[in-house]
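Asker: Take the given structure of chain A and dock chain B to it, following the hints.
Same order as they appear, the protein sequences are chains A and B.
Heads up, the working numbering is the position in the first sequence plus 69, with the first residue counted as 1.
Heads up, the working numbering is the position in the second sequence plus 1, with the first residue counted as 1.
Hints in this document: simulated from the structure, not taken from any laboratory.
Hints are supplied without guarantee of correctness; some may be wrong.
[Claimed, not checked] Calculated pairs, DSS-like style, for lysine-lysine (alpha carbon to alpha carbon, straight line, at most 30 Å):
#, chain 1, residue 1, chain 2, residue 2
1, A, 226, A, 353
2, B, 99, B, 200
3, B, 99, A, 226
4, B, 57, B, 83
5, B, 83, B, 262
6, B, 200, A, 291
7, B, 281, B, 57
8, B, 281, A, 291
9, B, 83, A, 226
10, B, 262, B, 200
11, B, 281, B, 262
12, B, 281, B, 258
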Amino acid sequence: MRHEKTEDKPVISASASKGDTGVYRRLPMPARYAINAVVVLVLLVLGELMIDGGAINRYQSTVLEQVGIYIILAVSLNIATGYLGQLPLGHAGFMSMGAYGCSIFIIRMSEVLGVGARDFVTGTPMALVLVIGGLVVGGLCAAVAGIVIGIPALRLKGDYLAIITLAFAEIIRVVMLNIDDVLGFELTGGAAGLTGIPGFSSFLLVFGCVAVVCFLIHTMMKSRHGRAILAIRDNEIAAEATGVNTTYYKTLAFVVSAFFAGVAGGLYAGCVGVLQPAVFGFMKSIEILVMVVLGGMGSMLGSALSATVLTILPEALRAFSEYRMIAYAVVLIIVMIFRPQGLLGSYDFSLSRVIERVMNRDFPWKRRDDKPAAEKDGEEVSAHAER
Amino acid sequence: MPSDKRKRRSVLVQMETPNLIPERDLGTIPVLQAEHLGIDFGGLTAVDDFNIAMGKTEISGLIGPNGAGKTTIFNLLTNVYKPTRGTVLIDGYDTAGKSVAEVNRMGIARTFQNIRLFSQMTVEQNVLVGFGNTMSTHLITDMLRLPGHWRQEAEFHERALELLDIFDMRKYADTQAGNLPYGAQRRLEILRALATGPKVLLLDEPAAGMNPAETEELMENIQKIRDEFQIAILLIEHDMSLVMGVCEVVGVLDYGKIIAKGTPEQIQNDPRVIEAYLGKQEVK
Chain A
70 MRHEKTEDKP VISASASKGD TGVYRRLPMP ARYAINAVVV LVLLVLGELM IDGGAINRYQ
130 STVLEQVGIY IILAVSLNIA TGYLGQLPLG HAGFMSMGAY GCSIFIIRMS EVLGVGARDF
190 VTGTPMALVL VIGGLVVGGL CAAVAGIVIG IPALRLKGDY LAIITLAFAE IIRVVMLNID
250 DVLGFELTGG AAGLTGIPGF SSFLLVFGCV AVVCFLIHTM MKSRHGRAIL AIRDNEIAAE
310 ATGVNTTYYK TLAFVVSAFF AGVAGGLYAG CVGVLQPAVF GFMKSIEILV MVVLGGMGSM
370 LGSALSATVL TILPEALRAF SEYRMIAYAV VLIIVMIFRP QGLLGSYDFS LSRVIERVMN
430 RDFPWKRRDD KPAAEKDGEE VSAHAER
Chain B
2 MPSDKRKRRS VLVQMETPNL IPERDLGTIP VLQAEHLGID FGGLTAVDDF NIAMGKTEIS
62 GLIGPNGAGK TTIFNLLTNV YKPTRGTVLI DGYDTAGKSV AEVNRMGIAR TFQNIRLFSQ
122 MTVEQNVLVG FGNTMSTHLI TDMLRLPGHW RQEAEFHERA LELLDIFDMR KYADTQAGNL
182 PYGAQRRLEI LRALATGPKV LLLDEPAAGM NPAETEELME NIQKIRDEFQ IAILLIEHDM
242 SLVMGVCEVV GVLDYGKIIA KGTPEQIQND PRVIEAYLGK QEVK
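One chain only, chain A, in its complex shape (with noise of 0.2 Å):
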């Protein structure tokens, strides 16, 4: 079987996880977003079926919001360190401007509209499109940011540059704070908070942007845009020999990510109601990286992974509030230890290939005779995850 298959193949098996008749059957194009997209809606619908009729409680499904929110923060960060290869520590900054943009664009135009508090939560059409408009208004103004910043900062590496973000989103912190005094508007509220967001986040909301977010991910990532960015992380001397315009790309990759932590600043807004600049401090960024690195780099899933987890440890550790922080710090140092890659260093769980992989009968048990070319395997998934 398998054994005698690979004996007659060159050192590196290009193809290893073709099946036995020689023909790798696969799913057609179509048929893996359908399926994709089914599994997508099945998981909304019953999550909201769950809150509806009670079985998660008002509490669990306002965490169930912050975990949607941080995999958005998370996945957004990890187009910059994971595929990138660059080490931003401003995401907190990018965030907070998507968080204010969205809620005063939101605020101001339900003034002007006459859309009321209690539409956003029954969902009224008019109030949809407003949350909508308000999240790509923060999307954008996180992307302008990103612009910014991006231009002159990703002419630095490594240090410099992880530096410059970070002043950069301290930077958009003390604007925040200080704006309203200074320069006599009336935008942010300083430091007594944004108040009177519409609550609008939710749920289905919430996990809705996760999927659009990670699905235009995933497209991004697998066209000459994603090949260019991934090109730069591997070789920046032999990507801009090879025609890739590094300047470009960077910048593009900087500001994608810019924009989804927006959007997820926005819904964030939407959550907890009240905007104060100082949640959008140092830390905050550093949470996040903390979630990439800790999932895996340049790995989807895994971001989205560390994210649940990281979100939901220190819920579920509130009984033992004086040590968690102490059991989240001890997590962190045994996994850097252990795998310094990260969980799932830069694996992608394709659910396509799984069913493909059925439909073949290719189980991993199979193989169990054939230790080396169970390996290889597993370095072509991880290269596969790559496209």
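Answerer: Same frame as chain A, but now just chain B:
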């Protein structure tokens, strides 16, 4: 794109040394031309007064002792280093002020002495990065998976596999580039450069680390590329069997200066070349 104003219509003619340019290329615009090219690093003149004019389908070699400035010349031709003096014209267009990526799009592609692949990407993806500038889908088309995206991906998937066929590498298409055997990595680097659609291909020590059989194969491949793609190839090499076997013109570089230029036979018997490599005979 360079404007027509910048186009220089200098045409290849037989110059001071006869038989340097292959006859088939005479009367055309030189595909690569450098005039009085030079660069100083601080007080050190790394390259001084380098001149070259290459015909459309010429294979040339650049040899010289270690530290003579060969790779520096490649870096000057591709604008990695900005030349202190002199000009580089690619197919008649001046490269001054262009970025490395723009120079690549003007028609010059290169490989590296120490292999620089996108090692975490698959072989096919490596080639597809090279095709990147030929592909034209907008970011939105790609992100929303509109029909244009599928059409283009399918087209370039085929083209990438066809390109891999040249070196019989289709079987590696899904392999991670970093896991390839050494020889295949060198070949992939050449293919990736070819995918950018160059007019001139610069090969920096393509035979480094290869055994004689592999070098033999490489020689055939270099000629095959020239014949199939009708491009000019300039290569740096220490392996004399390769240089003498495949190059039509050889330039010898020492201390940043061209000390001799000619056909392989002329070079082999040139006393200046022997001196540069072996040193002067002491007179007792």
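Asker: Just pull the numbers of the violated hints for me, sorted ascending.
Answerer: 7 and 8
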